[in-house]
Amino acid sequence: MIELLLIVPLLGTFLSILFPLKKVYTLPLWIATLHLFLTIINFIITCNPNLALIAEIFPGQLSGTQIQLVFFFKGYITFDGVSRVIILLTSFLFFSVSLYLYDYFKYSQIKNERSFIFFYLIFFFSMNVVILADHLILFWSAIELSTLVTAPLVLTFKTKKAVEATWRYILLCSIGIAFALIGVFFLVISLNNPSGVIAEHLSILSISNLTFSRLYLVANKLDVVWVKASFILFLIGYGTKMGIAPMHTWLADTYSEAPTPVSALLAGALTNCAYLGIYKSHQILIYANAGEFSSTLLKIYGLLSMFVAAIFILRQKDIKRMLGYSSMENIGIVCVGTAIGGVAQYAALLQVIYHSLIKSSLFLSVGNIILLYKTKENHKIFELTKKMPKSFMLFFIGIIGLIGLPPMGTFFSKMILIFESFLQKDFLTMIFFLIFVIIVGCSLITHLIRISFSKQEIDIGESRDNRESSESKNVGEENFDSRFFVWPQYLLLISSIILTFWIPATLYNLIKH
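The numbering of the sequence shown is the working numbering, which starts it at 14 and goes up by one.
Rather than coming from a laboratory, the hints here were simulated on the basis of the structure.
Treat the hints with care, since some could be wrong.
[To be verified] In silico DMTMM-like cross-links for lysine to aspartate or glutamate, where the CA-CA straight-line distance does not exceed 20 Å:
(1) Lys399 to Glu305
(2) Lys393 to Asp439
(3) Lys468 to Glu396
(4) Lys171 to Asp236
(5) Lys174 to Glu390
(6) Lys174 to Asp331
(7) Lys403 to Asp494
(8) Lys35 to Glu126
(9) Lys468 to Asp331
(10) Lys173 to Glu396
(11) Lys35 to Asp116
(12) Lys400 to Glu390
(13) Lys525 to Asp93
(14) Lys36 to Glu126
(15) Lys525 to Glu433
(16) Lys241 to Glu305
(17) Lys330 to Glu433
(18) Lys399 to Asp494
(19) Lys438 to Glu305
Since the model is a prediction, treat every value here as computed from it, not as a measurement.
Please construct the entire structure, taking both the sequences and the accompanying hints into account.
This is the structure in C-alpha cells:
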C-alpha cells in the first residue's frame, strides 16, 4: 500500500504526456489531491497499533506501533517515524503549491506547460523515493534523480541568469552527490571491523542488506574510522544538496531564477529530503558510539551556515535571494539542533515542519508580488499594503514566522534549542546562535518595512528589465490577491499556527522519538 505513494506521482508523469493540452495544467492538482489522501490513509494505518485486521489483510511487518504495508519493495523502502512525518509534510506542500500553480499558469511566462508538468511530477516522485528509501543506494539514486529533473524546472524561463543558475546547480550538486556515493563505499568497507570479521547480520556480498535500519542494528560492530570518514563525505554530499555553507553557492541563484512554485518546493520540501541523508548518517554514528564526532561537525557547519546567511541577507536586493539566504539560516538551525541532541533534536524536527510551511507560503506570496510588480528587486517594490493587502498580510505573517516571534511555532522551536544548549552548558554555541538569529531577524524586519511601507514612486512598466520580467506576462495590474493566489498561503500559515498550539498525539510521539 505504501508503494502507491510512489506509483501515483510516477503515473502522473505518463498522464502529463497523454492529457489534452488545454487540460494538462489541472493534472498536478489531481495528482496532489490523490497523493495527499493516500498519505493520510497510510499515516493513520501505520500509526494505529490496534489495526490488527488490516495487518492480517495486508501481510506486512508489525513492529511495536508500526505496521509497514510493503509488498513489492520490501527491504528497500520503509515507513518509519521520520519518513511518516516528512512525507506527510511534503505531500501537503505539494498539494498547496499545485493549488497555486492552477492559476499561476495563466499569468506566468511558462510557454511549454506539458514539459513543465512532466518534470514537476518527476521531481515530486523523486522526493517521495528519497523519503521512503531505506536502502543507501536507492536513497542516493533518488537524490541524484532530483538534481537532474530539477534542472529543467530552474531553466523554465531560459534567461541568461537562469542558464547560469541551472549549470551551477547541476555541477555543484552532482559533484556533492558524488562525494556521498564515495561515502556509501566507505560505509561498506566499515562492515569489516578491525578484526577482519564481517559485521553480524550483514554481508558485503548481499547488497540488499545495505539499509539504514540494518546498519543501526550493527553499528557498534562497524569499523568506526571508516564510519567517521563516510559521515564526512555524506555531510559534504548531502550538505551540498541541502545548501550548507560553504557548499551553498548554488542556493540563492537557483531559488531566485526558478519559477515561484519550484522555489517553494526547493525551500520547503527538497531541503528536508537532503536533511534526511545527514540525519540518518548521524544516527549511524550515534549507534556506533561516535556521535560526538558527527555532532561537532554539524555544529560547526550549522553555525557557519547561519553566519553566511546573516552576512549576505543584510544588503540583499533580490527578494527571492533574500528568502534563499533565510533558508540557509534555517538549515543552520536544524543542523545545530540535530548536533545538540536531546530535546534540541525534537526542536530541530519542529523547526523543519514550521519552516517548510512558512517558507513555502512566503515564496508563493512573493510570487504574487513579482507577478504584479514585474520585478524581484526590493527597492522597486513599494506600498505593498495598498496594492496587495491580502498578499501583504500573508507576507507579513510569514516574515514574523521566519524571524521566530511569538505566537509562531519557530519561536518555540528556537527557544527549546537555546534552553537545551544552556542545560548542556554549551554556552559558545548558544551565544553564536543567538547573535546570528538576531542579525537575520533585524535584516528581515528592515526588508519587510521597506517593501511594505515605502512610498517610492516608480513606473512599474518602465522599471523592468529582461531578468525582472522573465516570470510575469505583461498583463497589467491583475488581481493577484484572490482565489488560488492566496488560498494556498492561508492553508499553509493556518496549518503552521495550529501546529504551534496543538500537535496531535500521534505526530508528537513520532517527532519525539
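Status of the hints after comparison with the structure:
no.: 1; hint: Lys399 to Glu305; verdict: violated, 53 Å
no.: 2; hint: Lys393 to Asp439; verdict: violated, 43 Å
no.: 3; hint: Lys468 to Glu396; verdict: holds, 6 Å
no.: 4; hint: Lys171 to Asp236; verdict: violated, 48 Å
no.: 5; hint: Lys174 to Glu390; verdict: holds, 15 Å
no.: 6; hint: Lys174 to Asp331; verdict: holds, 13 Å
no.: 7; hint: Lys403 to Asp494; verdict: holds, 6 Å
no.: 8; hint: Lys35 to Glu126; verdict: holds, 10 Å
no.: 9; hint: Lys468 to Asp331; verdict: holds, 19 Å
no.: 10; hint: Lys173 to Glu396; verdict: violated, 30 Å
no.: 11; hint: Lys35 to Asp116; verdict: holds, 14 Å
no.: 12; hint: Lys400 to Glu390; verdict: holds, 17 Å
no.: 13; hint: Lys525 to Asp93; verdict: holds, 13 Å
no.: 14; hint: Lys36 to Glu126; verdict: holds, 10 Å
no.: 15; hint: Lys525 to Glu433; verdict: holds, 15 Å
no.: 16; hint: Lys241 to Glu305; verdict: holds, 11 Å
no.: 17; hint: Lys330 to Glu433; verdict: violated, 36 Å
no.: 18; hint: Lys399 to Asp494; verdict: holds, 12 Å
no.: 19; hint: Lys438 to Glu305; verdict: holds, 15 Å
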